[in-house]
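These protein sequence lines map, in sequence, to chains A and B. Just so you know, we're using the numbering used here here: the first sequence kicks off at 98 and counts up by one. Just so you know, we're using the numbering used here here: the second sequence kicks off at 2 and counts up by one.
These are computed hints drawn from the structure, not numbers from a lab. A few of these clues could be false.
[Unchecked claim] Derived pair list, reagent style SDA-like, types lysine to any residue, alpha-carbon separation capped at 20 angstroms:
#, chain 1, residue 1, chain 2, residue 2
1, A, K158, B, Y76
2, A, K158, A, Q119
3, B, K133, A, N164
4, A, K231, A, R310
5, B, K44, A, N164
6, A, K158, B, K133
7, B, K5, A, K231
8, B, K5, A, W120
9, B, K79, B, T43
10, B, K44, A, R310
11, B, K5, B, Y76
12, B, K5, A, Q238
13, B, K168, A, I118
14, A, K158, B, Y110
15, B, K88, B, S34
16, A, K158, B, Q125
17, A, K170, B, Q125
18, A, K170, B, V58
19, A, K158, B, R33
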Amino acid sequence: MSNQNYAQYTLTDFLEDDSFIQWVINGDAKSNVFWQSFLISYPEKDKVVQEAASIIRVYRKQVIFTNDDHREKVWNRIDASIPKRTVSPTKTFRLPLYFKVAASIAILIACSVMLWTLKNNHTTVVTTSYGEVKAVTLPDQSIVMLNGNSTLTYEDSWDNRAAREVWIKGEAYFDIRHLNQDTAFVMPSERFIVHGNGIDIRVLGTSFNVKSRRNKTNIALLSGKIEVSYADSASVPSGGLVMMPGDYVEYSGQKLLIKKKLLRPHKAATWTVREITFTDPSLNDIMETLQDNYGYAINVEDKDMMDMKIEGEISVTSIQELLSLVSTTLSIRVEESGKEIIITRK
Amino acid sequence: MDNKQEQHILLWKSFKSGDWEAYTSLYHAYYRSLNNYGHKFTKDLNLIEDAIHDLFVSLWTNRDNLGNPISVKNYLYKSFRNTLFRKIKAESRFFDLQDDNSIPFEISYDQQLVLDEDENRLQQTIKDVLYKLPARQQEIIYLRFYDGLSYEEIAEVMCIHVSSTYKLLYKALENLQQSLTIVSIGIVDVLVKILNGRTDLATPSASNVYPPDFY
Numbered sequence: 098m099s100n101q102n103y104a105q106y107t108l109t110d111f112l113e114d115d116s117f118i119q120w121v122i123n124g125d126a127k128s129n130v131f132w133q134s135f136l137i138s139y140p141e142k143d144k145v146v147q148e149a150a151s152i153i154r155v156y157r158k159q160v161i162f163t164n165d166d167h168r169e170k171v172w173n174r175i176d177a178s179i180p181k182r183t184v185s186p187t188k189t190f191r192l193p194l195y196f197k198v199a200a201s202i203a204i205l206i207a208c209s210v211m212l213w214t215l216k217n218n219h220t221t222v223v224t225t226s227y228g229e230v231k232a233v234t235l236p237d238q239s240i241v242m243l244n245g246n247s248t249l250t251y252e253d254s255w256d257n258r259a260a261r262e263v264w265i266k267g268e269a270y271f272d273i274r275h276l277n278q279d280t281a282f283v284m285p286s287e288r289f290i291v292h293g294n295g296i297d298i299r300v301l302g303t304s305f306n307v308k309s310r311r312n313k314t315n316i317a318l319l320s321g322k323i324e325v326s327y328a329d330s331a332s333v334p335s336g337g338l339v340m341m342p343g344d345y346v347e348y349s350g351q352k353l354l355i356k357k358k359l360l361r362p363h364k365a366a367t368w369t370v371r372e373i374t375f376t377d378p379s380l381n382d383i384m385e386t387l388q389d390n391y392g393y394a395i396n397v398e399d400k401d402m403m404d405m406k407i408e409g410e411i412s413v414t415s416i417q418e419l420l421s422l423v424s425t426t427l428s429i430r431v432e433e434s435g436k437e438i439i440i441t442r443k
Numbered sequence: 002m003d004n005k006q007e008q009h010i011l012l013w014k015s016f017k018s019g020d021w022e023a024y025t026s027l028y029h030a031y032y033r034s035l036n037n038y039g040h041k042f043t044k045d046l047n048l049i050e051d052a053i054h055d056l057f058v059s060l061w062t063n064r065d066n067l068g069n070p071i072s073v074k075n076y077l078y079k080s081f082r083n084t085l086f087r088k089i090k091a092e093s094r095f096f097d098l099q100d101d102n103s104i105p106f107e108i109s110y111d112q113q114l115v116l117d118e119d120e121n122r123l124q125q126t127i128k129d130v131l132y133k134l135p136a137r138q139q140e141i142i143y144l145r146f147y148d149g150l151s152y153e154e155i156a157e158v159m160c161i162h163v164s165s166t167y168k169l170l171y172k173a174l175e176n177l178q179q180s181l182t183i184v185s186i187g188i189v190d191v192l193v194k195i196l197n198g199r200t201d202l203a204t205p206s207a208s209n210v211y212p213p214d215f216y
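Bound conformation, chain B alone (with noise of 0.2 angstroms):
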């Protein structure tokens, strides 16, 4: 990981000295994540791929005032949101110029996958506490356990505060949290085969398997 952001800095260094190999190795090494990520706010392909074309060819034209960001994908990610949403606004008579808020994000889980049966159940549950969530709410919890990106990286891409994103992870667990409690009849027997298959501990009874202070 590590390894890749180096690789992408030095990338981004040549590029903006007017290198186009690297800059053509940028728009491959993102296109894809881009899109997943854009998939996220809109099905209309247009708009995404539009996105793409417009943050590329401004990258390009404006490269000798670019300065050197500490992430490139974090870069990417924020000024490609931008571009997006500016898009997604100006597509739709529905969205409030405003505000970002209204800008839904969806995940889709892929009914062909093959998962084992505990993992169904878990991924049930985790797909019912994610859609009740508001939409900027699932997008931190998508930046962070899918992206894996920081705190500090978060606020970046989404133009908030750090302290807001805390709070707002913090809310999405918490309803995570209380959701896994309320099946946690079904969850725990889940999660305990799941662990079972991973580990040789003895299986626990239903009642410790949480911490105390859990419940």
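If we strip away everything but chain A, and leave its shape as in the complex, we get (with noise of 0.2 angstroms):
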């Protein structure tokens, strides 16, 4: 799959390819990073896609036979058909001795090895350097962009009876995949928890950003729904926040901060496609991403430079490019030498 030809994609061309009708049916969470990503990368093409998935999904809202009334009478038929099968008899032989010491043996390292995993139920981190951005791919297929300094902690197997549960510390984006069947009973394993900095967020199947860094949490919701609450309450059901596509909240500890609608929800995740965004954001911002994401120190002339502010959104592919931006539209003046950042005034 590539970006570059699907950016000359008609709606034809949409609706004759392979993988975008994949997607749009089964919608996994692989291609819906592709998407999301490419999407981002093509603005431009939003539209037309959405045409396509549009005429996709309506086309398929056809009437479906399935004739479920006549499954076991066809069966019983076709069981009736088959001539009785003949079931072999049990026959007893006598194993050699040298089978029987090759058999112990070997059940004895099958329990040696069983109980060394039972006892090592390892725990997979993986973290990322400043400026660095990973993908990974959950146990169960969920896939998990991780931005720079950041650390992503889960267990490497994970069983059908408990939950999915992940600990982030920095910032990532989740698509997870969604295991539910029957949404009026949700069993443990179908649910995915994220723990960061004393806030719980449980769902279902999802896409969403997640940044826990400076006792602050903040959460963007790009589909699905989910539920946030604090880590040390009670997991009473429903007793949290529940988040629709859109929703943006910031938290300070256990703190709710903000809670608003985002214009552009997946501008949350447009690192993940390598472009530095922000909107309206102060210097401070700006600075504190720097040092968050990149490990830049800052070092400012006068503490109140910090509250100026840039008016609308920026978006820029690199570092250089957001300092030069940055002090033209404030007139300041920003230096990068090494990894320190020096803004005095003009």
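Please dock the two separately framed chains into a single complex, following the hints provided.
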């Protein structure tokens, strides 16, 4: 799959494309990430993509003939048409001695391997350095994009009886595989919980961005539905805050600071395609991102300068571009020397 | 999807070695989709059920001589279609015994299903276009957009060349696109509304909804 080719696609081209159709029909996590990042890179294709998708979706809303009433009847007919199966008589035979010994050794090894794995129920820790973005595939095939200077922790194997759980420090974009079939009854293993900074996020299957830095957590929901609750509160069902697509919340520790609707929710995840974006940021917001994601030290002449604000949207692909934009817009001097940024008045 | 395919390949292998449970599972896994597919060719339940019966009985009887298909779904669709076509032709004097093209293919839309106004209008346009298409083109659209089969898989199921699949689907989509253009004022409104429901884009004017090469 290549972004470049899709940029030239027309409505018919999309309707003829295998991976596009698979995405509309099945919508698994991997293709979600691909198509979302494609639309971020080529926003002008959004309309034609949505058109093609609507045509397929509306086409599929047709009558499904299942004939469930006759399922047993047809099966009984098949069963009756097949000649009686002969059950092979159980034979007893003696195993040679060396075989017995080999078998018991094999069982012994198997047991110790099992014991060893039980004891060492390993957790995987994925860490990114400053400025690095990593894609992580979880045991259930859900996808996590991990931003710079962040850590994601989870257990190696997820069993079917417990909820899927991950721990996040830093910033990550989650595209969770939806496992729940019956909305009236949710199995434990169909739940997915993200733990971060005193906040728990419970989801079924959805995509969202979590940033958990400096004792602050912010969450932007792109699709689906999630519930946010405090880590130490006993897990009372539906006791938390329920977020709908486009919602954005910001917590300081466990205090809700901001709750608003995002105009362009997908902007929250633009960093996954290596784009640096801000909406109405203060100089402080920008510098915090440079510190947290890229490891810069900030040296500012006058603390008050940090409150200066840039109105509107910033979308750049490099730090140099960002710094020169900040410097011209706010008419201040911004110098980069090594891993230090020095801000002075002009 | 991939997991399901792999799982069915495993079932297929166990069934071939004589595993009755695996055979039963295959029946239950495909019972609904075969009925749904068959119902597009004929409304005669007896024919559909007979075809499923014959297909599964012959699978079990010939299990030692069966190969390992790349996709179980493809194999079952193809065999089911052949069996059903033979029955439809035998049943009726109206169908030319040589010509598969005389066998209809009809999808229907539920009147009870609650759609919003916009989806309703888009659906109406799709219906208007589809119902005018030759049966085999409708079948390709179904296998493609409903079952998600690739060109190669469709060619195999329908016993035609891959290049014909491309051509037939292209014709069908061209027809669809032309009709969308004819009713463009209406459909553009519909699409724009549907889009705005999903995205936060500003409402585009009707003239720039389609890319320039659309017209």
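Check whether the Cα positions of K158(A) and Y110(B) lie no farther apart than 20 angstroms.
holds (7 angstroms)
Does T43(B) sit within 20 angstroms of K79(B), going by the straight-line distance between their CA atoms?
Status holds; Cα separation ~16 angstroms.
20 angstroms limit on alpha-carbon distance, applied to hinted pair K133(B) and N164(A):
violated (27 angstroms)
Hinted pair, alpha-carbon criterion (20 angstroms max): K5(B), Q238(A). Please report holds or violated.
holds (14 angstroms)
Would you mind confirming whether the straight-line C-alpha gap from K5(B) to W120(A) stays at or under 20 angstroms?
holds (16 angstroms)
Is the hinted pair K231(A) and R310(A) satisfied, with a Cα-Cα distance of at most 20 angstroms?
holds (18 angstroms)
Holds or violated: are the alpha carbons of K158(A) and R33(B) at most 20 angstroms from each other?
holds (16 angstroms)
When you check the alpha-carbon spacing of K158(A) and Q119(A), does it fall within 20 angstroms?
holds (16 angstroms)
Mind checking the alpha carbons of K5(B) and Y76(B) for me, to see if they're no more than 20 angstroms apart?
holds (15 angstroms)
Hint consistency between K44(B) and N164(A) [alpha-carbon to alpha-carbon, up to 20 angstroms]:
holds (11 angstroms)
Taking only the CA atoms, is the gap from K168(B) to I118(A) under or equal to 20 angstroms?
Judged against 20 angstroms, a Cα distance of about 18 angstroms means the pair holds.
Starting from K170(A), check that the Cα of V58(B) is at most 20 angstroms away, please.
At roughly 14 angstroms apart (the allowed maximum being 20 angstroms), V58(B) and K170(A) satisfy the hint.
When the structure is compared with the earlier hints, violations turn up for hints 1, 3, 7, 10 and 17 and for no others.
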